[in-house]
Amino acid sequence: MYLRESYSRDLRIFDEFHKWGWLALLAIVLVVLSQAGGNYPAYMLNLIFINVIIAVGLNLLTGFTGLMSLGHAAFMSIGAYASVILTTKLGISFWLALPLSGAMAGLIGFLVGLPSLRLTGIYLALATMAFEFITDEIILQWPALTGGAGGLSASPPVLGKFPFNSYQRYFFITFTCMAIVLFSTKNLLRADFGRALMAIRDSQTAAEVMGIHPARYKTLSFSLSALYTGLAGGLYAHFILFISPDNFTLLHSIGFIVMIVVGGLGSVAGSVMGAVFLTILPEAITFGKDYLPLALRKAAGLQAAVYGIVLILFVIFEPRGLYGRWVKIKIWWRTFPL
Amino acid sequence: MIPQQIISGLAVGCVYGLVALGFVLIFKATEVINFAQGEMMMLGAFVAFTLITMAGVPYWIAFPLTPLICGAVGTSLERAVIRPLVREPVVSIIMLTIGLSITLRALAGMIWSYDTLDFPHVFPEKATNILGIAVAPIYLWVISITAVMVLLLYIFFKYTTIGISLQASAQNPLASLLMGISLKRVYSMTWAISAMMGAVAGILVAPIAFLNSNMGLLLGLKAFPAAVIGGFKSIPGAIVGGLIIGVSENLAGGYLPVGFKDVFAYGVMLAVLMISPEGIFGTYERRKRV
Amino acid sequence: MALLSIQDLKISFGGIRALDGVSLEVGEGEIFAIIGPNGAGKTTIFNCTNRFYTPDGGRITFMGQDLLRLKAHEVAKLGIARTFQNIELFVNMTVMENILLGRHVFMKSGLLAQALFYGKALREEIEHRRKAEEVIDFLNLQVHRDKRVGSLPYGVQKLVELARALALNPKILLMDEVSSGMNLEETQDLMIWIKDIREDLGITPVLVEHDMRLVMAVSDRIAVIDHGRKIAEGAPAEIQGDREVVRAYLGDSDAFA
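Protein chains in written order, with my numbering: chain A, 178 to 515; chain B, 1152 to 1441; chain C, 12 to 268.
Isolated chain A, as found in the complex (with noise of 0.2 Å):
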């Protein structure tokens, strides 16, 4: 029985020190699976990093604030392109390249967040997916800029004489970044900011009755998300050094809702858990598919079929997804009469 003594326990992130302990293990597995597993788990683990910061960004928009939004692709498109043609065309460091993407893709947020105040639940998806379409149009149609769609390469991210050329490498500034991402939105969710979006998702009308601004609070989570996901855009551009815009579709966009609904909406563990989920996915149906009948392996559409039985599924009998999942074995386990 775990009794709270006082308030700044009631806020804690964990609730028992010993968790931290836990967390800490797993940091030091990841890192030495990263340094010493060779390159596909170095690959795969970057990944799974830059899906998590979309995730708890898509989560944040979504899950907490009840907003939808069918356009998230083109914000990660932003700060991936942005964070290329930042450091390739005018020499910025990455360093510096990559918050600045971030900021650009949160001021676009921002942008996309205004309509949002006029328009609720499918207006806003539609409006959003509009907004994908056409900054993908955009993207393609400026080869000057972009690369149309041919593309842009960058090169590996250096500090001083050390570059990050490689997976092992690359993935601690992906952890890094996760970490504070991880971090600066739980405390976000914990304090006022974060009650007063899951307040706007649950009664609009209440949190203005309780003096919050509606159309303040919307455009800042717009903008943070966008944020979010432009950073996880600009990791992921120099990550796998060669971006166009076919890696940002209305499809991926989709992707990233899939993420959330699976892990969990309205829950930063269960971001994790769905961007872990969604980046293994593809690899378990590669792996799967010996086991399948012929006719089925060799079919073109499997991973997408499976994309969308696995959204069905979890949409009808898992609604709270993963993590929610998690909760009830946990609630069982506590309570099983032993």
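It is possible that part of the hints are untrue.
[Stated by the list, open to error] In silico DSS-like cross-links for lysine-lysine, where the CA-CA straight-line distance does not exceed 30 Å: (1) C:Lys182 / C:Lys21; (2) B:Lys1412 / B:Lys1335; (3) A:Lys363 / C:Lys142; (4) C:Lys131 / A:Lys196; (5) B:Lys1384 / B:Lys1309; (6) B:Lys1384 / B:Lys1179; (7) A:Lys363 / C:Lys119; (8) C:Lys88 / A:Lys507; (9) C:Lys88 / A:Lys363; (10) A:Lys363 / C:Lys131; (11) C:Lys21 / C:Lys119.
These aren't lab readings, by the way, just hints derived from the structure by calculation.
The model shown is predicted, which means the values in this text are computed figures rather than measured ones.
Using the hints provided, position chains B and C relative to the given structure of chain A.
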């Protein structure tokens, strides 16, 4: 050139309108946003294609047969996937139909491959002359069929018992239940009709545009701008919206840089959403709050 | 000067005149009740005061300030709190979090401070949790502190909504049918609480109510609204005997004459 563009725009607009119609129908009756509506269109086109090319069924039989098949598919989808979630928040339902659309698209890709297939050309290529303008017969076919469908739908809603009960349950589900209208039957019917509308749209558009598993994404999603412009809950609005999109898209294509024609419809939708979300025929009600 | 002054309030909804020139004055410290048949427009008065609606005509002033120039979320800062007829709680949050939202107007930490949390934001959180606890103690909600509001019984939910409004430290509290759904015991507790709200917390309660026992027991003054118009106003005793009031509630039958 311009009259031609208008005619072909009208024809494509009819297709958008039909898909939008199916979409608005479902939304009006059940408040469900069906993101998979474009895939209904895609399925119709592929089913017709398979019937004609592989089963050797003549076009004139495949044309009415396909909507029936697709209607059955639509109803089964509704029963299996949608009905469990009728009272869930909007977000869940949107996700669900998005999942549905992904799955359907992937299944189509698996069955028919992702290549662009050639829909059999049933209509003469030579343009006929109407009022001095050269019009391809297929366009005439599309426009007239759409008009017929809209008329049929109108008669159905206004004069048949089922149609009236559909309207009733759209306006007040609880009261309709109390009047003995089976909501389950209504939902199934609605999805069946929408699927049929989509299927007809698919058969009509395949010869003029293209036929591949991504049709739903590229063409079908334009039902949304059509529905938004026409007013989200308005059935005539859906058709009008579709026509507006079809024509303006074509005309704009001549003036915009290459590629922007594809997103023009979404730009228009965005503008409408910002200025007047209720569209042309939608109504603005002063929402009663608590 | 009256605390809340409503003058000649008019508003229509699509052709229906919801309010047709209603005037009320609530003095500081008095328990004021607004009663009337269903659909009379009582909640609409509150909704205009909260600025959810913009009336077609009339004035609303609070402590001399013109409310009609403000937006809905600016009203809270002036010290006007509200509870709703059909509960508008934040169902996915705990009781404590709901009440803490009542303290929103007092939270001063900026976004960055909150993102870093340790330091200014933490101190603020602790301070306001203390204040929230005071409200919880006042309404005996200790047991439910950390429970998700959506899982609580209706009567408790109503109290949570009241607690949230009190956390705002308001000068005036608009309570819309607080007693609906409450049983006899809960209503009796409510009567005591309304009086305590006035005595101990110095808040002016304004009630829209249907429960006549409650209204007659606690109110200093009552206004009766019917079909968007005020048909009577005065002390409880006066209202009870008023012919117009009886007619409004019970109809025109001569059996009651």
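The hints, checked one at a time:
1. C:Lys182 / C:Lys21: holds, 25 Å
2. B:Lys1412 / B:Lys1335: Roughly 41 Å between the alpha carbons, so the hint for Lys1412 of chain B and Lys1335 of chain B is violated.
3. A:Lys363 / C:Lys142: holds, 23 Å
4. C:Lys131 / A:Lys196: holds, 25 Å
5. B:Lys1384 / B:Lys1309: holds, 17 Å
6. B:Lys1384 / B:Lys1179: Judged against 30 Å, a Cα distance of about 6 Å means the pair holds.
7. A:Lys363 / C:Lys119: holds, 19 Å
8. C:Lys88 / A:Lys507: violated, 42 Å
9. C:Lys88 / A:Lys363: Within the cut-off at roughly 28 Å; holds.
10. A:Lys363 / C:Lys131: Holds: Lys363 of chain A and Lys131 of chain C sit about 16 Å apart, inside 30 Å.
11. C:Lys21 / C:Lys119: violated, 37 Å
In this structure, the earlier hints numbered 2, 8 and 11 are contradicted, and the remaining ones agree with it.
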